[in-house]
Every structure is written in C-alpha cells, then in structure tokens.
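Fit chain B to the given chain A structure using the hints.
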Amino acid sequence: MTAKICDSTAEAVAGIRDGSTVLIGGFGMAGMPVELIDALIEQGATDLTVVSNNAGNGDTGLAALLAKGRVRKMICSFPRQADSWVFDGLYRAGKIELEVVPQGNLAERMRAAGAGIGAFYCPTGVGTPLAEGKETRVIDGRTYVLEFPIKGDVALIGAYRSDRMGNLVYRKTARNFGPVMATAGSLVIAQVHEVVETGTLDPEVVVTPSIYVDRVVAA
Amino acid sequence: MSLNKHEMAALVARDIEPGSFVNLGIGQPTLVADHLPADAGIVLHTENGMLNMGPAAVGDQIDPDLTNAGKVPVTELPGSAYFHHADSFAMMRGGHLDVCVLGAFQVSAAGDLANWHTGEPDAIPAVGGAMDLAAGAKSVYVMMTLFTKDGTPKLVPECTYPLTGLRCISRVYTDLATFLITDEGVVVRETFGITVEELSSRLEVPLRQAQPA
Numbered sequence: 048m049t050a051k052i053c054d055s056t057a058e059a060v061a062g063i064r065d066g067s068t069v070l071i072g073g074f075g076m077a078g079m080p081v082e083l084i085d086a087l088i089e090q091g092a093t094d095l096t097v098v099s100n101n102a103g104n105g106d107t108g109l110a111a112l113l114a115k116g117r118v119r120k121m122i123c124s125f126p127r128q129a130d131s132w133v134f135d136g137l138y139r140a141g142k143i144e145l146e147v148v149p150q151g152n153l154a155e156r157m158r159a160a161g162a163g164i165g166a167f168y169c170p171t172g173v174g175t176p177l178a179e180g181k182e183t184r185v186i187d188g189r190t191y192v193l194e195f196p197i198k199g200d201v202a203l204i205g206a207y208r209s210d211r212m213g214n215l216v217y218r219k220t221a222r223n224f225g226p227v228m229a230t231a232g233s234l235v236i237a238q239v240h241e242v243v244e245t246g247t248l249d250p251e252v253v254v255t256p257s258i259y260v261d262r263v264v265a266a
Numbered sequence: 473m474s475l476n477k478h479e480m481a482a483l484v485a486r487d488i489e490p491g492s493f494v495n496l497g498i499g500q501p502t503l504v505a506d507h508l509p510a511d512a513g514i515v516l517h518t519e520n521g522m523l524n525m526g527p528a529a530v531g532d533q534i535d536p537d538l539t540n541a542g543k544v545p546v547t548e549l550p551g552s553a554y555f556h557h558a559d560s561f562a563m564m565r566g567g568h569l570d571v572c573v574l575g576a577f578q579v580s581a582a583g584d585l586a587n588w589h590t591g592e593p594d595a596i597p598a599v600g601g602a603m604d605l606a607a608g609a610k611s612v613y614v615m616m617t618l619f620t621k622d623g624t625p626k627l628v629p630e631c632t633y634p635l636t637g638l639r640c641i642s643r644v645y646t647d648l649a650t651f652l653i654t655d656e657g658v659v660v661r662e663t664f665g666i667t668v669e670e671l672s673s674r675l676e677v678p679l680r681q682a683q684p685a
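Taken in order, these protein sequences are the chains called A and B. Using our numbering, read the first sequence as starting at 48 and increasing by one per residue. Using our numbering, read the second sequence as starting at 473 and increasing by one per residue.
No lab work stands behind these hints, which were simulated from the structure alone. Heads up, a few of these hints could be off.
As the list claims (entries may be wrong) - FRET-style restraints, in silico, Cβ to Cβ:
1) 632/B x 105/A: 31 to 37 Å
2) 682/B x 107/A: 48 to 54 Å
3) 185/A x 477/B: 38 to 44 Å
Unchecked claim - Facing chain A, a subset of chain B residues (Cβ under 8 Å, in silico):
4) 594
5) 599
6) 634
7) 636
Note that the structure is a prediction, hence the values are computed from the model and not measured. Heads up, the beta-carbon is just placed ideally off N, CA and C, and yes, glycines get one too.
Isolated chain A (complex conformation):
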C-alpha cells in the first residue's frame, strides 16, 4: 500500500506504542523531524528506545522528548555536544541508558535491517572498547567484527518533498539518515515541507521510493 497523506502530525504519529524502538532522522537539527517529535510528545508513548545520530540539541526536537522522560535508552554515535545539556543531565543522573555506536555502523546496521541482512562483518572498531565481546573473524588477513541489524518499530524522518504516493526527495545534507531509516522502520512516518501531486517529481531524482513510506505529513 502506498503512503497515507495525513492531515495533521497527530494523525501521523497515532498508534505508536509504549516500549517502541523509534528511529529518528537528522544530524544535529538538519533533517530532524521536529514537528513529528512534538506530536509524539503529545501522543504520550513512553519507555522508548530512540536511535538517532545525536542525543538532542538545545531544548527542542529530540531534546524535548528526552526532557519529558519518555526515553529509556538512547542508541547513538555522538551524544555529547555543546548543546546536549538535556541528555547530559539525564545520563549523569542515571536516568537513561546509552549505547554508543560508531556513526557508520549505526547507518550500516539500519541498512542491513532494511535490506534483510542477518549480520555483517565490519572492520570498524576492531581492538576498541566498542567491539569488546563481539565475534570477530579474519578475512583475507584483516580482522572484522560481526555487527547485527538495528530495526525500528517506527521511523520518524524529515524530507523535503513527497508526492501523494510517498516518494521522497531530500534537501542537501538534511538527507543524512532519512533514506536508511526509511528502509529499517516497520512504520515509517515522514515529515515534509510540501506534498506535491503524483507525477510531478522526476522519477530519476526520487531518493526514497514510496514502498518504504507509510505516512506523510506536511509540517
């Protein structure tokens, strides 16, 4: 089924359950679906595991969700930043779990989930604390670490335009994790700047084909 175009962000996030793993797009604020996160805060789902590159910037978007105490665990590559005071406070108070994953592994583990790959051998992190306890294998003289997919119950992503089927295009570096998360979430919800008529997006430039997208809202 192609995507449903929602009238509101509340409709777009309806039904997200407590305990869900939620993939949230964005690199810092670029591509972060702030309005969808605001709607998720209103919707009330809690005890969430959130997968995102960072752990919130300032007080809006992901930081606001964290501040409400809705997130049990953060899986990310780079939580500590100049403006990550919300996460820092929760972490130091022992109120949130943290799994740090190298940035490329974060992306590739979601790519694997979306592509039906059971696990993959990756050279990143060999000999470091982030590979401790993980299975390794030497292939052609090089050591690799076995990494497993990260699948989301939900993905919240930001894109630039969608047509009415849910084909997505992005803008500049705001693309970042969106296309990968769109493949790795069971329920994929995209916030876009505008919804255009089907047939007006050049098929050659569609980045996320509609097959991956479940709900779209202009916000």
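This is chain B only, laid out in the frame that chain A set:
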C-alpha cells in the same frame, strides 16, 4: 620555533596529493582546508553526506540544511554531490577516500589512535565517525600538539586512553615535529625549534631520523 595550528595545517595541506578525496576531522584539522591550493582538484568529503564541500557559509549563504560534520553551516561548490549516511560511510570503508586528518589524544609508536574518549568515569562517551574514518580511509594522518598542556607526551609507546583504531595512523603532524609511522618504527621527518636529541629525551618512543632525500 614551534608551529602554530595554522602552520601545522599548511604542512598537512602541502602533503595532500592533487586530486585527492579528503575528509578533515572536526576541530583543528578543519583548518587544513584553508591551505589547499584552489587549483589542485582536491575534493572534501563530509561524513554527514556530501562531496566537494565548500568553505563555511556566511550571512545569506547560511542554510540549516547544509552543514559539515561539526554542524557548522557550509557551502556547495560546482560538482558537489549529496548522499545518505550509509553511502557516506561505505565510501570510507570501501577504500575510496584517500586521506583523512584527525585530531588525537594519543598516538602509539605502532600507529594506534586514541581520540574519542578519555575513559574518565564522568565523561560521556561519544565516538561519531572517528572509528569508521580510522578503519576506512586509505591514509589517516593525525594533527595535534606533541605534548599536553602539562607536558605529557601524546606520542606514546602504547595508548592508555581507549582506542579508536589499531595501526591506522601513518603520519603525525605536531607543533614540534612531523613523524612517519613505519614498519621499522617512528621516523622524525622534520623538527621545528627542537633537535631530535631533545625530542628523544622528552618522548619514551624510540626515534629514527629521516635520511636526507
């Protein structure tokens, strides 16, 4: 005289081959971009998903959808390309990126890198793309001061901080000397305001002097 960070950046830039695809780490390595010759055809990669990144954006150029890996607004150059994160890191691991320049807490004599975590109990660990770059780029250079503010060497026999990557560093550019990490040990390529003998007395790493070319 020891080098300042701009002079170190210029040294690194001088050693980057024309036509290279290069990733510059957050912080001091970013300065290398200011010293790359405009006509050398060097293409900058930023791991958040762009090739042929231009200089920092100013004024009306600032666009929240266009940033570098440090989340600083940047610009496009003719021939720029955007791609998603999985592709961006596949480029590194797949051996397509020629050079990466990173900062460091410590580099070992064998070329091990520690640059992501001090390991202190109250420190919040954050790795970003450092491990991926260390494992993926064809050549990984470090740019750092040779000693901490309290005089502790950062070029060490074995890293004591948590590792970022094993045997991944081939050159270390510092304020006092440039070092080549080779299979035969650490070679001093050039020094700045210090002799090799003085360096040897302040470092616990055996040093060899480069033969004049």
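Against the structure, test the hints numbered earlier, and report the numbers of the ones violated in rising order.
none
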